[in-house]
Structure formats: C-alpha cells, structure tokens
Amino acid sequence: MTKKFAGIIIIVLIFVTISVSLGWYFFRYYLTLTWNDLLFAWDDNKHVELSRSETNERYYNRWLCFDARNVEVSEGIIEYGTVRKVPLLDVKFGSSVFQFNVDPEVEWNTDTVQNRWRAMLENQESVCIFSVYSQTDDDGTEVRYIRRVKTSTGSWDKLDKSYQK
Amino acid sequence: MTNKIHSWRKCPLGQYWRNSHPMHTPSGKIVQRRGGCVHNPSGKDQIYAEEMKLISDSEFSKLTGAPAGKALGFSQGNKFDDEIRGWCKYWNEVLGGDNPIDPDLVKALIATESGFRGSARIKDGSGQGHATGLMQITDATRKILSDEGGEIQDHLVNVSESELKDPSLNIATGVRWLFHKRKLASKRLRREASWEETIMLYKGYKRKDDPQMIKFVKTYQELKK
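Residue numbers (the numbering used here), protein chains in the order written: chain H, 5 to 169; chain D, 11 to 235.
The set of hints was computed from the structure by calculation and includes no laboratory data. Here a beta-carbon is modelled for each residue, glycine too, at the ideal position from N, C-alpha and C. Fair warning: there could be bad hints in the mix.
Here are a few chain H residues that face chain D, going by a calculated C-beta distance under 10 Å [stated by the list, open to error]: (1) 68; (2) 71; (3) 84; (4) 85; (5) 97; (6) 111; (7) 113; (8) 115; (9) 136; (10) 139; (11) 141; (12) 165.
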C-alpha cells in the first residue's frame with residue numbers, strides 16, 4: 005500500500021514537473037507583460053464589436069509573446085492609394101509563421117519604425133505584440149495587424165504620430 | 011448594416027473601411043490583403059481616403075442642387091461641383107444641425123483660395139508648412155483633423171499630404187474644417203457664428219472690410235444671383 009502510494013506521488017510529481025516545464029517553455033515570454041498591459045487588453049476588447057460585413061466574424065486584439073530571436077524586422081510594399089514601403093514583423097514559432105502588419109491607411113516613416121523596433125528587440129529575450137487577426141495566407145502564414153509592440157525596454161504604439169508622415 | 015454615422019458609410023459607428031489591396035512580401039511574392047471594417051481604437055468616427063473615394067464615386071453624380079453652375083471666369087470653375095455638392099450634403103447631415111453650410115459658399119471659397127487649381131501648393135501663413143489644393147488645406151489642419159487625442163471631438167478625417175491634391179479628398183477635408191472653424195468662431199464670439207464669420211476665421215482675416223474678404227463676398231454673391 006505504501007509503495008503504491010509512493011508510486012502515485014512520483015507519477016503526479018513527474019506530471020506536474022513536465023507541465024510546469026512545458027508551461028514555462030511556452031509561456032515564459034508572457035512575463036514581459038505587466039498588469040497594466042493586461043488591463044489595456046481588457047479595456048481595448050471591451051469596446052470592440054469588430055465584425056466583417058461579409059462574414060459577420062469577430063476579431064479582437066490580443067497579446068502574443070515570442071522569443072525575440074525568432075522575430076525579424078522586415079518590410080513589404082503595398083499598393084494602397086500610393087505604392088509605398090511598410091514595416092513588417094515576421095515571426096516563426098515552431099511550425100507557425102506570423103506576419104505582423106501595420107495599418108495601410110497611414111503613411112509610415114518606415115525606416116524610423118524599423119529602427120525603433122530593432123532597438124527594442126536588441127538583446128531582449130522576449131517581445132509581445134498586441135494585434136488583431138486578419139487572414140491566413142495560402143502558405144499558412146497568419147497575418148495580423150499591430151496595435152502595440154512591447155519589450156522590457158519599452159513599447160511602440162501605432163497611434164504615436166511621430167512615426168507617421 | 012445598422013448604426014452607421016451616415017447611410018453612405020460602409021461600416022458601423024466605431025469602425026472604418028479598409029480596401030483590399032496587394033502587398034509585395036520580402037520573399038518576392040504578391041499577396042492580397044483583406045479589406046473590411048476595422049475597429050477605431052479611439053472609438054471616434056474616422057474616415058480615410060479610400061472610403062471617401064468610394065463615396066464620391068458612387069453617390070455624388072446622382073445629386074442635384076447647389077452649387078450654382080457658374081464658372082466665375084475660371085476654366086475649371088464648374089469642374090468640382092459634384093464634389094462640393096456631395097461633401098456639403100455629407101457633412102451637413104453628419105454635423106450641420108440647424109445651420110447647414112451652403113455649397114455656393116464653399117465654391118466661392120475655392121475660387122478665392124486656389125482659383126480651382128487642384129495642384130496649388132504654397133507656403134502657409136506661418137511660413138513653416140504648406141497649404142495644398144482647392145481649399146488650401148494646411149499641414150497643421152490636416153494633422154489636427156486626424157489627431158484622436160486633439161481638439162477635434164469626433165468625426166476625424168485622415169488624409170495624407172499627397173492625398174490632399176485629390177480634389178474630392180481636399181473638399182471633404184476643407185468642409186469638415188469649416189465646421190470646426192465655425193465651432194471655434196462661435197466660442198470666440200460667445201454666440202452662434204455665421205458662415206461668413208467662419209470664412210473670416212478660415213482665411214485669417216480680422217475685418218469684414220479686408221479687401222480679400224470683400225472679394226470673397228462678391229464672389230459668393232455672384233453665385234447666388
């Protein structure tokens with residue numbers, strides 16, 4: 005009886021250790037977020053009744069956090085009124101690929117945004133991005149639009165006009 | 011779709027329209043980015059250039075009424091009547107209340123601001139920025155109209171410097187600005203300002219007998235004959 009009980013305890017301990025380790029492995033990057041960031045997300049979503057007229061789907065901003073080494077600052081060229089460069093964040097996480105875009109309606113100082121993002125990512129363990137889902141491309145890339153980027157060095161918000169022309 | 015700010019808008023209050031558009035990715039592929047209704051983080055009504063163009067193209071040609079079809083001696087004097095009519099109707103219905111703006115007033119303003127030259131771009135009064143297009147919208151005005159945290163309480167207009175060269179976008183922005191100027195004039199006067207007083211504030215004239223203000227009044231009266 006005692007041996008059986010000890011065996012159960014050991015199995016439970018192993019299970020808990022694995023769970024905590026896995027949890028730490030996947031979610032440790034979320035420790036970058038503070039209570040204010042969580043409140044910000046809660047408040048943002050409280051006011052959203054996002055829907056697409058065609059599909060009646062709802063899309064909410066949420067925080068996604070990653071190993072900063074898996075995040076690449078890049079750029080694309082959009083045709084939106086004019087043809088222009090826009091900053092992008094490309095992220096690989098396991099088998100998932102994300103592309104974080106900025107609002108196309110705004111004329112961005114792309115170089116300035118990219119420089120800011122690079123400075124924020126430098127020597128950082130994790131980065132968190134508050135964004136809304138838009139679509140999934142044919143190659144499986146999940147496309148999202150950025151509201152805010154955060155590392156332990158600071159944050160970047162799309163509403164900051166100093167990054168716009 | 012219900013609870014829109016105006017029947018011409020594509021999205022409900024609190025959202026704005028984004029067109030579908032192509033993007034060239036870093037890997038060299040061309041992908042299509044979805045359009046649709048997008049949440050305004052500020053919660054304020056916002057309109058962007060793409061939706062303004064959609065409204066202009068689909069709604070304005072059906073409208074009738076002022077401004078008067080008089081060219082006022084300008085080769086392009088009647089060229090923007092549809093846009094003047096349409097944007098005055100839009101902003102009157104969103105903001106106009108009991109005292110709507112007269113499209114002839116806007117046409118007279120355009121005549122005296124730019125002579126109907128959409129590409130007009132000159133240094134503004136302060137000498138630090140530029141005034142662009144038919145209604146000579148300044149850089150400062152453009153920024154105020156798009157600033158979610160600024161003096162404009164609601165119904166923001168978002169256009170870039172280059173977009174202001176588009177006549178329709180310029181007129182939409184200018185008429186919205188006139189409504190804001192009227193609000194400021196009313197506050198200053200501590201009573202409801204007339205549109206003529208608003209024009210004085212728009213143009214930066216301190217007196218009704220300023221020669222340029224007299225010229226504007228005569229142009230307006232010509233349209234009303």
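The hints, checked one at a time:
1. Interface hint status for residue 68 of chain H: violated, as the beta-carbon distance to the closest one in chain D is roughly 17 Å, over 10 Å.
2. Contact between residue 71 of chain H and chain D, as hinted, is not supported at the beta carbon level, the nearest pair being about 20 Å apart and thus beyond 10 Å.
3. Below 10 Å, beta-carbon pairs count as interface contacts, and residue 84 of chain H has one with chain D at about 5 Å; its hint therefore holds.
4. A cut of 10 Å between beta carbons decides the hint on residue 85 of chain H: the least distance to chain D is about 6 Å, and the hint holds.
5. With 10 Å as the threshold, the beta carbon of residue 97 of chain H stays out of range of chain D, its nearest partner Cβ sitting at about 18 Å, so the hint is violated.
6. With a least beta-carbon distance of about 5 Å to chain D, the hint placing residue 111 of chain H at the interface is held under the 10 Å criterion.
7. For residue 113 of chain H, the shortest C-beta to C-beta distance to chain D is roughly 12 Å, which exceeds 10 Å, and the interface hint is violated.
8. The criterion of a C-beta within 10 Å of any C-beta in chain D is not met by residue 115 of chain H, whose closest approach is roughly 15 Å, and the hint is violated.
9. Interface hint status for residue 136 of chain H: upheld, as the beta-carbon distance to the closest one in chain D is roughly 7 Å, under 10 Å.
10. Here the hint on residue 139 of chain H is kept, as its CB sits about 5 Å from the closest CB of chain D, short of 10 Å.
11. Taken as an interface hint, residue 141 of chain H checks out: its beta carbon lies about 6 Å from the nearest beta carbon of chain D, inside 10 Å.
12. With 10 Å as the threshold, the beta carbon of residue 165 of chain H comes within range of chain D, its nearest partner Cβ sitting at about 7 Å, so the hint holds.
Of the numbered hints stated above, those contradicted by the structure are hints 1, 2, 5, 7 and 8, listed in ascending order.
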